[in-house]
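We have chain A; now place chains B, C and D with the ligands onto it with these hints.
Residues per chain are reported as follows:
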Amino acid sequence: MPEVYLDHYAATAALPEVVEEMKPYFSEKFGNPSSLHGWGDDARKAVEEARARVAALINAEPGEVIFTSGGTEANNLAVKGIAWAARKKGNHVVVSAVEHFSVLHAARTLEKFGMEVTEVPVDSYGMVDPESIKEAITSDTVLVSVMTANGEIGTIQPVQEIAAAAAEKGVGFHTDAVAAAGYIPLDVKTMGADAVSIASDLLYGPKGVGALWVRKGRRLMALLDGGVQEGGRRGGTENVPGIVGMGKAAELAARDLETRAEYLRGMSSELLKWLPESIPRLSVTGHMEKRLPWNASFVVEFIEGEGMLLFLDQKGIAVSSGSACTSRALKGSHVLTACSIPAEIAQGSLLFSFGLDNKPEDVDYVIETLPPIVERLRQMSPLYDKFLKQGGG
Amino acid sequence: MPEVYLDHYAATAALPEVVEEMKPYFSEKFGNPSSLHGWGDDARKAVEEARARVAALINAEPGEVIFTSGGTEANNLAVKGIAWAARKKGNHVVVSAVEHFSVLHAARTLEKFGMEVTEVPVDSYGMVDPESIKEAITSDTVLVSVMTANGEIGTIQPVQEIAAAAAEKGVGFHTDAVAAAGYIPLDVKTMGADAVSIASDLLYGPKGVGALWVRKGRRLMALLDGGVQEGGRRGGTENVPGIVGMGKAAELAARDLETRAEYLRGMSSELLKWLPESIPRLSVTGHMEKRLPWNASFVVEFIEGEGMLLFLDQKGIAVSSGSACTSRALKGSHVLTACSIPAEIAQGSLLFSFGLDNKPEDVDYVIETLPPIVERLRQMSPLYDKFLKQGGG
Amino acid sequence: MVEIAQYSDTVMDHFMNPRNVGEIESADGVGEVGNPVCGDMMTFYIDVDEDERIKDVKFKTFGCGAAIAVSSMVSEMAMGKTLDEALQISRGDVAEQLGGLPENKMHCSNLGADALHKAIEDYKSKKAVKEG
Amino acid sequence: MVEIAQYSDTVMDHFMNPRNVGEIESADGVGEVGNPVCGDMMTFYIDVDEDERIKDVKFKTFGCGAAIAVSSMVSEMAMGKTLDEALQISRGDVAEQLGGLPENKMHCSNLGADALHKAIEDYKSKKAVKEG
Ligand SMILES: Cc1ncc(COP(=O)(O)O)c(C=O)c1O
Ligand SMILES: Cc1ncc(COP(=O)(O)O)c(C=O)c1O
Chain A
66 MPEVYLDHYA ATAALPEVVE EMKPYFSEKF GNPSSLHGWG DDARKAVEEA
116 RARVAALINA EPGEVIFTSG GTEANNLAVK GIAWAARKKG NHVVVSAVEH
166 FSVLHAARTL EKFGMEVTEV PVDSYGMVDP ESIKEAITSD TVLVSVMTAN
216 GEIGTIQPVQ EIAAAAAEKG VGFHTDAVAA AGYIPLDVKT MGADAVSIAS
266 DLLYGPKGVG ALWVRKGRRL MALLDGGVQE GGRRGGTENV PGIVGMGKAA
316 ELAARDLETR AEYLRGMSSE LLKWLPESIP RLSVTGHMEK RLPWNASFVV
366 EFIEGEGMLL FLDQKGIAVS SGSACTSRAL KGSHVLTACS IPAEIAQGSL
416 LFSFGLDNKP EDVDYVIETL PPIVERLRQM SPLYDKFLKQ GGG
Chain B
66 MPEVYLDHYA ATAALPEVVE EMKPYFSEKF GNPSSLHGWG DDARKAVEEA
116 RARVAALINA EPGEVIFTSG GTEANNLAVK GIAWAARKKG NHVVVSAVEH
166 FSVLHAARTL EKFGMEVTEV PVDSYGMVDP ESIKEAITSD TVLVSVMTAN
216 GEIGTIQPVQ EIAAAAAEKG VGFHTDAVAA AGYIPLDVKT MGADAVSIAS
266 DLLYGPKGVG ALWVRKGRRL MALLDGGVQE GGRRGGTENV PGIVGMGKAA
316 ELAARDLETR AEYLRGMSSE LLKWLPESIP RLSVTGHMEK RLPWNASFVV
366 EFIEGEGMLL FLDQKGIAVS SGSACTSRAL KGSHVLTACS IPAEIAQGSL
416 LFSFGLDNKP EDVDYVIETL PPIVERLRQM SPLYDKFLKQ GGG
Chain C
281 MVEIAQYSDT VMDHFMNPRN VGEIESADGV GEVGNPVCGD MMTFYIDVDE
331 DERIKDVKFK TFGCGAAIAV SSMVSEMAMG KTLDEALQIS RGDVAEQLGG
381 LPENKMHCSN LGADALHKAI EDYKSKKAVK EG
Chain D
281 MVEIAQYSDT VMDHFMNPRN VGEIESADGV GEVGNPVCGD MMTFYIDVDE
331 DERIKDVKFK TFGCGAAIAV SSMVSEMAMG KTLDEALQIS RGDVAEQLGG
381 LPENKMHCSN LGADALHKAI EDYKSKKAVK EG
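Chains as they are written, first to last, in this note's numbering: chain A, 66 to 458; chain B, 66 to 458; chain C, 281 to 412; chain D, 281 to 412.
Check the hints yourself; a few may be wrong.
What the hints assert, rightly or not - Away from chain B, derived, C-beta distances all over 10 Å, residues of chain D:
no.	residue
1	Ser306
2	Glu312
3	Thr323
4	Gly343
5	Ala347
6	Asp373
7	Lys385
Said to hold, decoys possible - The following residues of chain B were derived to be distant from chain D, with all beta-carbon distances above 12 Å:
no.	residue
8	Gly235
9	Trp339
10	Leu375
11	Gln379
12	Ala408
13	Gly413
14	Glu426
Claimed, not checked - Sample of chain D residues facing chain B (criterion: CB under 10 Å; computed from the structure):
no.	residue
15	Gly319
16	Phe339
17	Gly345
18	Ala346
19	Ser351
20	Leu367
21	Ile369
22	Cys388
23	Val409
Calculated directly from the structure, the hints in this document are not laboratory data. Note that the Cβ used here is the ideal one computed from N, Cα and C, for glycine as well.
The following block holds chain A by itself, in its conformation from the complex (with noise of 0.2 Å):
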């Protein structure tokens, strides 16, 4: 059976030259970058290496990389750490309504300590419009957060034409860049923000790592208490092997950005023209053009994801689904409910992300193996037989 593994966005193999990277971090150059002596000096030297590398990525000055332990603590550190350091000045958050949880719910977290949030929509292709984060800005503002790129649905976002939104009214903008950072090109000096969240995972390095990039200057309160590691702004032994990881991760990301990108937009595009046509009343989600080159996502009627979810990974083949059965929390997407797809649609969402040890052949195997399985599914399905009851098909 081949095995074809669709979920780079859930979870990617970290790349080969990562890991080598990394081994003599673990037992022999096993030092503390505080430490006055060369076990500490040459951890030190690794860390900065990397800090530079992971910089270089997003054209950023070293010094203001700050290494967390992965996106959502970079994203929890900057909603949270840019308002209260400027809760004096007032106490207002502007989201979007498909942003991350741990964009939204840091942000729910500070509405449970007085802080107001308002959680601007989106149209039904995702996407942000900047006028409306412009109407959401009042004079208590502090800080606007809304995502590079979203993952689940694809949709790129008009960053800069957010940041300036915000520049213009003198606030804050963070964006969360975990999902689009190393697959569209990213610059700090052109896009206007204030922070960048990244992380490791997606970039083909290990988990357990992030970074949030903030601009020189900018107020931030720490979110993890301790020592003066990472200037005072997040305390903690750093993971040495892990942010090694990520350095490397992000030099090959780097590198390799557009053929990288090419690659899968090839793929993921073959599959979204595809899928519609191999199987009725399945529509893409996510805004077609404006679109991360490694997501394809849709949903299926009549069915819910979780029975796709499992009969695929009969067949070798692992996606994801945001149905409310799939997740952990029971949930449906809030990311297709803002896209104003409804509930019971929802359920049938189907989500592929493309990564480089995809070959052109696993879309075909899709293809394939797809249609057949939405079909039993659908057999089973007291929606569909609705459905066609009342003449539809």
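Quick look at chains B, C and D with the ligands alone, frame taken from chain A:
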């Protein structure tokens, strides 16, 4: 030249078995534990096995263990998470003066948000008196946090008595066991704590992983908002290889606890005995009996720690110091200050932390190497001059 | 810690090869429970013989793997039982027969017994109307 | 990002092999700066010839590697200079001669020039007293 690493408190080398166990989780079993397919299953099983192993080290239920990015995050989660979850009940927190910064500074952040913090003093051995905890608790107190043992001076606290004092008043009790876990037996069923922090690094596991045990039913506000990973108490894609490594390290630490402790105690007690005999005006810090087996800490009068570290590094010996100049924040150790050691004497702090890779000969090498270094630095010291002129020596 | 979806072999078997999928045209009783908006919806059809025994049962289910497996198991358990016996089938029995269900699926997806009971009630009320 | 202690080769050389360590008994001028409580303390001793030139300089320092290297470098820079020239030696010059100092050590450990200037002032005030 010998290479004598005596800074295991700052960093340890991951054991070969640990690295071996982690390896497949970077690029082969690289799945996301939340994913509903074979790759996800492998990752999920690995994380749950690691959770059981970490739980076993402190005789806890696996379901009560939350993985974090290290000791610092575990402490921040415990202190802020418990205090914030209980903020409607009261707004007072009690900590000891010798806590790690990840507890002390977390408490200071609570202060910024309107909570009150009492720092309970210690005696000259760094020991907390359970009576003083009782006295510090008010009707507004929601949390007491006192570490199991202090890594800088080795002193083991009377946690059971402190836990009893907190329980008597119905107050939650957290203990930071980062420096103690794996070296003294810990049993959450008898110690009476509500939350216990541990870190992987001191167990010869990888950096960037830690865990917080929280008694079932104890309310906790998440610090990293996001997905429902870790039961909704810690969002973010799990650091699977790191967690697997910590699991293995915890398993080995539990298995070998007694032999390790005995072996380390043998070396550290030699140094604690002989160094004061070889160098005048050098004293042991911390408690002589209630002491972590790996710790040998001293202050050397008239000279400053960094100079000793640099000369020792030249001789292949790696240690650390609590002096102001050796800290990145350029502040002297708050632990030594809390033990009423005068600031100019605390500048001469030296911390030897023994590890499994040390040999008894390492002690001899230190005893042979350190005295001429101290002598040389003293010859340069105006303080030593004054001391000699005042008839000391 | 929240338990995550991990299905027993029996659940997987009933999901992959569900028994009694389908519809009974002009069935003696029909029961529908759940709501596609919440993610799970089941329709049960029964035919009943003179001895008040379920002589045929079919179902259609929209929902996750657990929901489908539950429906299949309920249909198997109900087949041939008297209505009174069938009304004794509880959610707990179904989960047990399936070798357990993930904790977070116990409530939302374990609607099969409810749908069956509703079909029985439907049969009874239709009969009452006929006889009344 | 806070710069961490990373010493240049010149700093390490002056730290490991400091020049002019010691004391001058009944020196023409003595200058003491710093405070052991803060972690750095330096005492400079100078002897001055008839042309107001520093003919000998010695120091003792309590403090970190940078403090010792700074003292050594200042002593070398001062040796043979006229007092006026020696008064021109600034903290910046010293750091530059050392090939740079870590940023966080620039302020606290870079007291050597101050101690030298204090010793020169001491010499001058003693001379004024003698001549006055
Ligand atoms: C857009 C976005 N932001 C943040 C995160 C959180 O990253 P992590 O799970 O590495 O903490 C994700 C994870 O998938 C993401 O897609
Ligand atoms: C007692 C204690 N608590 C917490 C920590 C923080 O652990 P980490 O640096 O792994 O975040 C340390 C680190 O040395 C420690 O010694």
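To see whether the hints hold, each was checked on the structure:
1. Ser306: holds (14 Å)
2. Glu312: violated (7 Å)
3. Thr323: violated (4 Å)
4. Gly343: Given a closest Cβ separation of 5 Å, the condition is violated.
5. Ala347: violated (8 Å)
6. Asp373: holds (22 Å)
7. Lys385: violated (8 Å)
8. Gly235: holds (42 Å)
9. Trp339: It holds; tryptophan 339 of chain B is separated from chain D by about 26 Å at its closest Cβ, greater than 12 Å.
10. Leu375: The claim is violated: leucine 375 of chain B sits with its nearest Cβ about 5 Å from chain D, within 12 Å.
11. Gln379: The claim is violated: glutamine 379 of chain B sits with its nearest Cβ about 7 Å from chain D, within 12 Å.
12. Ala408: The claim is violated: alanine 408 of chain B sits with its nearest Cβ about 4 Å from chain D, within 12 Å.
13. Gly413: violated (9 Å)
14. Glu426: About 26 Å separates glutamate 426 of chain B from the closest Cβ of chain D, which puts it past 12 Å; holds.
15. Gly319: Result: holds, 4 Å to nearest chain B Cβ.
16. Phe339: holds (8 Å)
17. Gly345: At about 5 Å, which falls below the 10 Å cut-off, the nearest Cβ of chain B leaves the hint on glycine 345 of chain D intact, so it holds.
18. Ala346: holds (8 Å)
19. Ser351: holds (8 Å)
20. Leu367: violated (22 Å)
21. Ile369: Not OK, violated: isoleucine 369 of chain D not within 10 Å of chain B, min 20 Å.
22. Cys388: With a minimum Cβ separation of about 6 Å from chain B (threshold 10 Å), the hint on cysteine 388 of chain D holds.
23. Val409: With a closest approach of 24 Å, the valine 409 of chain D hint is violated.
Violated hints, listed in ascending order, are 2, 3, 4, 5, 7, 10, 11, 12, 13, 20, 21 and 23; each of the other numbered hints is respected by the structure.
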